[in-house]
Amino acid sequence: MNAKITKASRHTSQNEGLIFEKSSPGKRAFELPPLDVPAANSAAELGKHHRQDGVAGFPEVSEIEVVRHFTRLSTWNYAIDLGMYPLGSCTMKYNPRVNEFVARLDGIATEHPYQPEELSQGCLKILQLLETCLLEITGMDAITLQPAAGAQGELTGLLLIRAYLERQGNPRKKVLIPDSAHGTNPATAVIAGYQVENIKSESHGQIDVEKLRELVTEDVAALMITNPSTLGIFEERIPEIAEILHAKGALLYMDGANMNALTGITRPGDQGVDVMHLNLHKTFSTPHGGGGPGAGPVAMKKILEPFKPVPVLVEKAGGRLALDSQRPDSIGKVRAFTGNFGVLVRALAYILAYGPGVRQATEDAVLNANYIRKGLEGVYDLPYSLPSLHEVVFSDAIQKRNGVNTVDIAKRLIDYGFHPYTTAFPLIVPGALMIEPTESESKEECDLFIEAMKSIAEEAAQSPELVKSAPHTTRVRRLDEVAAARKPVLRWNPASATKAAR
Amino acid sequence: MRYLPKSPTERQEMLSAVGVKSINELFECIPERYRLREALKLPGPFSEAEVISYFQDRAKENSGGYTSFIGAGVYNHLRSVITDTILLRGEFLTSYTPYQAEITQGTLQAIFEFQTLMCQLTGQEVANASMYDGSTATTEAVLMAERLTGRRRVLVAKSLHPEYRDVLKTYAKNSGLFVEEIPYAANGTLDSKALQSALKDDVAAVVVQSPNFLGVIEDVAADASAVHAAGALLVVAITEGVSLGALKPPTEADIVAMEGQSFGLAPSYGGPFVGVIASREKFVRQMPGRLAGQTTDTEGRRGFVLTLAAREQHIRREKATSNICTNQALCALAATVHLTLLGKEGLREMAHQNLSKARFALAELEKIPGVKRKFDAPFFNEFSIELPRSVRMVNAELLKEKIVGPLSLGSLYPELTKTALVCVTETTTRTEIEHLAVALRRALEKPL
Amino acid sequence: MAYPANLRYTKEHEWVNVEGGIATIGITDYAQSELGDVVFVELPKVGAKLETGKSFGNVESVKAVSEIYAPAAGEVTAVNTELANKPELLNSDPHGAGWLIKVKLANAAELSGLMDGPAYEAYIAEKGKEASA
Numbered sequence: 000m001n002a003k004i005t006k007a008s009r010h011t012s013q014n015e016g017l018i019f020e021k022s023s024p025g026k027r028a029f030e031l032p033p034l035d036v037p038a039a040n041s042a043a044e045l046g047k048h049h050r051q052d053g054v055a056g057f058p059e060v061s062e063i064e065v066v067r068h069f070t071r072l073s074t075w076n077y078a079i080d081l082g083m084y085p086l087g088s089c090t091m092k093y094n095p096r097v098n099e100f101v102a103r104l105d106g107i108a109t110e111h112p113y114q115p116e117e118l119s120q121g122c123l124k125i126l127q128l129l130e131t132c133l134l135e136i137t138g139m140d141a142i143t144l145q146p147a148a149g150a151q152g153e154l155t156g157l158l159l160i161r162a163y164l165e166r167q168g169n170p171r172k173k174v175l176i177p178d179s180a181h182g183t184n185p186a187t188a189v190i191a192g193y194q195v196e197n198i199k200s201e202s203h204g205q206i207d208v209e210k211l212r213e214l215v216t217e218d219v220a221a222l223m224i225t226n227p228s229t230l231g232i233f234e235e236r237i238p239e240i241a242e243i244l245h246a247k248g249a250l251l252y253m254d255g256a257n258m259n260a261l262t263g264i265t266r267p268g269d270q271g272v273d274v275m276h277l278n279l280h281k282t283f284s285t286p287h288g289g290g291g292p293g294a295g296p297v298a299m300k301k302i303l304e305p306f307k308p309v310p311v312l313v314e315k316a317g318g319r320l321a322l323d324s325q326r327p328d329s330i331g332k333v334r335a336f337t338g339n340f341g342v343l344v345r346a347l348a349y350i351l352a353y354g355p356g357v358r359q360a361t362e363d364a365v366l367n368a369n370y371i372r373k374g375l376e377g378v379y380d381l382p383y384s385l386p387s388l389h390e391v392v393f394s395d396a397i398q399k400r401n402g403v404n405t406v407d408i409a410k411r412l413i414d415y416g417f418h419p420y421t422t423a424f425p426l427i428v429p430g431a432l433m434i435e436p437t438e439s440e441s442k443e444e445c446d447l448f449i450e451a452m453k454s455i456a457e458e459a460a461q462s463p464e465l466v467k468s469a470p471h472t473t474r475v476r477r478l479d480e481v482a483a484a485r486k487p488v489l490r491w492n493p494a495s496a497t498k499a500a501r
Numbered sequence: 000m001r002y003l004p005k006s007p008t009e010r011q012e013m014l015s016a017v018g019v020k021s022i023n024e025l026f027e028c029i030p031e032r033y034r035l036r037e038a039l040k041l042p043g044p045f046s047e048a049e050v051i052s053y054f055q056d057r058a059k060e061n062s063g064g065y066t067s068f069i070g071a072g073v074y075n076h077l078r079s080v081i082t083d084t085i086l087l088r089g090e091f092l093t094s095y096t097p098y099q100a101e102i103t104q105g106t107l108q109a110i111f112e113f114q115t116l117m118c119q120l121t122g123q124e125v126a127n128a129s130m131y132d133g134s135t136a137t138t139e140a141v142l143m144a145e146r147l148t149g150r151r152r153v154l155v156a157k158s159l160h161p162e163y164r165d166v167l168k169t170y171a172k173n174s175g176l177f178v179e180e181i182p183y184a185a186n187g188t189l190d191s192k193a194l195q196s197a198l199k200d201d202v203a204a205v206v207v208q209s210p211n212f213l214g215v216i217e218d219v220a221a222d223a224s225a226v227h228a229a230g231a232l233l234v235v236a237i238t239e240g241v242s243l244g245a246l247k248p249p250t251e252a253d254i255v256a257m258e259g260q261s262f263g264l265a266p267s268y269g270g271p272f273v274g275v276i277a278s279r280e281k282f283v284r285q286m287p288g289r290l291a292g293q294t295t296d297t298e299g300r301r302g303f304v305l306t307l308a309a310r311e312q313h314i315r316r317e318k319a320t321s322n323i324c325t326n327q328a329l330c331a332l333a334a335t336v337h338l339t340l341l342g343k344e345g346l347r348e349m350a351h352q353n354l355s356k357a358r359f360a361l362a363e364l365e366k367i368p369g370v371k372r373k374f375d376a377p378f379f380n381e382f383s384i385e386l387p388r389s390v391r392m393v394n395a396e397l398l399k400e401k402i403v404g405p406l407s408l409g410s411l412y413p414e415l416t417k418t419a420l421v422c423v424t425e426t427t428t429r430t431e432i433e434h435l436a437v438a439l440r441r442a443l444e445k446p447l
Numbered sequence: 000m001a002y003p004a005n006l007r008y009t010k011e012h013e014w015v016n017v018e019g020g021i022a023t024i025g026i027t028d029y030a031q032s033e034l035g036d037v038v039f040v041e042l043p044k045v046g047a048k049l050e051t052g053k054s055f056g057n058v059e060s061v062k063a064v065s066e067i068y069a070p071a072a073g074e075v076t077a078v079n080t081e082l083a084n085k086p087e088l089l090n091s092d093p094h095g096a097g098w099l100i101k102v103k104l105a106n107a108a109e110l111s112g113l114m115d116g117p118a119y120e121a122y123i124a125e126k127g128k129e130a131s132a
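First to last, the sequence lines map onto chains Y, C and U.
Reminder that position 335 of the first sequence reads as 334 in numbering that gives the first Met the number 0, one-by-one numbering, no gaps.
Reminder that position 251 of the second sequence reads as 250 in numbering that gives the first Met the number 0, one-by-one numbering, no gaps.
Reminder that position 84 of the third sequence reads as 83 in numbering that gives the first Met the number 0, one-by-one numbering, no gaps.
These are computed hints drawn from the structure, not numbers from a lab.
In this text, all values refer to a predicted model and were calculated from it rather than measured experimentally.
We put the CB at the ideal spot given by N, CA and C, even for glycine.
Don't take each hint at face value.
The calculated SDA-like cross-link candidates involving lysine to any residue, where the alpha carbons are at most 25 Å apart (straight line), are [to be verified]:
1. U:Lys10 - Y:Ile198
2. C:Lys399 - Y:Lys3
3. U:Lys62 - Y:Ile198
4. U:Lys103 - U:Pro43
5. Y:Lys3 - Y:Gly416
Stretch-level coverage of chain Y by chain C, calculated; a stretch enters the list once three of its residues show a Cβ under 8 Å from a Cβ in chain C [claimed, not checked]:
6. 323-334
7. 409-422
Go ahead and model the full structure; you've got the sequences and the hints to work with.
Structure (structure tokens):
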């Protein structure tokens, strides 16, 4: 162990096989209350549909084994609760526990989406207050909370644009997307029935406005822009970009993945953005949970409101809230029921905790990113020198000379007790190190991170092999992704079971 | 603010280190006229206790104290406290998508177990790491069938959940897909004659739900032979996963799209839930979403990674199989823990209790004059009954007795205004069922 | 690796070997080294019609996908079925056992503009310079 590694320590990590390998017939971890009605004869009732013997292969284990199994598995994960998780573009901030508590309350978690509206006023008030807060934060006119995640928010936004343009007589053909954009943007545009045209960034990593002027024709439906961009840089000319689009009848879509840089400071709605999505699992602290659930509300200008997905939350006479599905111009439904309600509850709890003070969170996030940038400038190559907001993107150009790349540095960071930053994204920076500390990190944690990164840079110069073979302290070493993809093993099978990791 | 770990002095030290006098300097890249001069008008800040009481107050304005007989895609089942105990472990709750495999083996192995459980339940060969919910899983299954067959027409059972049909139509509209509905027969199952005549060589997929929205179990094997004879793929949607503890798995299906809410997830006013796509191994490269695969590390130990990522949007961009990125991983973990707790016997017993209680409920309700079972095909834990008067009127009466009555099918199926969909699970007690029967009888005896 | 003299090369890093009106097509050593370990190859069926300049399949590595473009129009007469189980042949023997498809050319003259070995080597050397600039 390197003497400079002060944050991480080795701890006991238990080995554990797959749950199926622990199974033995007759063990149980769950008992039901006794049946209080006559037992039905399943075979007679279901006939040929009946599954005689239960689900073949299902585990049979006891309660303590289940608890230990998943607890052991959990110890193999890194988490925000353990330390800094500086994944750029992912906004891995603290997930307040009160959010979990309120989402699980009786009367919140227990409610059925089809119960009568008069018995759902509490749920509907939560939705209404969240809508109001998010409109204030974004400066937009209307909002839908239905989309299940950012990518579905993007789709909803593009479908709104499409419906609006169709109403004008022509849905148009193309969506423009900068080369620095997240991969969901082009994938979404295709599902919305558009062709994708990529725009190259200019030399400072910003949208090339002159190029844009040439590209925006009557065929262009929208530009999808991420602001601040995936480089953490504010698109200074966004009002001008909006004007260029609007002059040709096209609309401006903003990917709100990086709203953690703007909340309380500036509002996309004031800058000419027509429609945008928010990632509640990023900016608004709902837990990532290993990859979801999220929520991707879409905020829009007045002109798009008639096309909102159904159902739409409405306030009736006397202040009674209701869900209205009778909207002839609606793009339809993008998801069953009313969205990821439990996630929306958590986001509202976060907003209520901060109130207008949410600005302080943004300030601290931007301060942390700039502090780390200052600490590592010169140690790592900074390909774009414009001011950083909530994240900073370095490249591995200096370390590459010794054959050490961004993935190697990221893996070595694990040995130092940190989760890696985002590697190899955005695509416009070869060998990118994309670092987003968020407001949840103390000065001490940022200092430790800077020290770790400096120490790794030294190692890359002096003993590159040490970095290239990292991580050295994890339960498993680098895994063979090539073999996994060439001969995929995607489920456990009794016959193909191999020995548990030792 | 309690979530922010910096003292004023530390902030000042950091600003000095950065080389700026005030935090505002760091925002000068944003044009001055767009910077807010006033604080946002948001409620708060609130202490933890105040946040809790806000939500407790809202909770009181909901359905507490009522007994519900609504299912229709969202089911109330027993959940062990163990599931939340595991879910609330920060190592699962506060970790990201497992791209860095060495320090996310916990999540990856749990996904691998989830994929295995979903295969065992559905009788399919491969399952993905989760979709948003059953409705989007069904839609993605159809888009997958379109890619596999190169065909554009889709036949959808009218007895597929109405909201699933709506979502499919939203996505299909701009994907060049043509969606047609196939009616249900007198016994509630898919009208096989109508299916037969609609099946041409341009059909990509046929979508049926089983048990279907009307409560009855479809003859998946028979549907599959007709569908396959036309060179189309059969997509089977499942909204009530617990049924698979009693029902044969739809092995004849080419793609299974399932809602996993019944596996340990609270109704939560409609989400978050967990969608599942399971299919045949030969179709895996056309599957949407993430997949965890088994492999070994440099020292030969078993480990897990996200694999076949080249299908996904972050690599293939506009040519990806889907735009899904964030999925419902934590909900998939809930399902994994819940099903592991239940195990083979627990799930079988839970399914049997649902079956038994639903039959008891039907028998009790059929004793009431004028109340008839609507469809006679076998059912699981939901069944349709026909009432002698409008369901809406009856439900208004039941509400007075603290009962959320069965779902009125009239607004979804205009031909079924007097039909109600009753759901009974293992959580419904005999007393509650008997109370429903008494209250319904009273409601129907009331003069109009 | 040397670039065999009997092959012709495209700017999209494919090689073509024409014998009696049938062109064998593969990806070059340079292409496979840029992609890294190939994990999957998607190819057209025998009988498929190719259009000049249009994608006819793709090659996947763990973290990238690369389209393969038809250097000339024609009809597919054979595909390398061995690649389904051994995609690694593209890495170990790109100009030999790692061939992709055979095509009956519609118009062999379409291939007249392709590079020979030395010209292709000069072409990729130039690309290398651009990348490091």
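How the hints compare with the structure:
{"no.": "1", "hint": "U:Lys10 - Y:Ile198", "in the structure": "23 Å, holds"}
{"no.": "2", "hint": "C:Lys399 - Y:Lys3", "in the structure": "70 Å, violated"}
{"no.": "3", "hint": "U:Lys62 - Y:Ile198", "in the structure": "23 Å, holds"}
{"no.": "4", "hint": "U:Lys103 - U:Pro43", "in the structure": "14 Å, holds"}
{"no.": "5", "hint": "Y:Lys3 - Y:Gly416", "in the structure": "11 Å, holds"}
{"no.": "6", "hint": "323-334", "in the structure": "holds (count 5)"}
{"no.": "7", "hint": "409-422", "in the structure": "holds (count 5)"}
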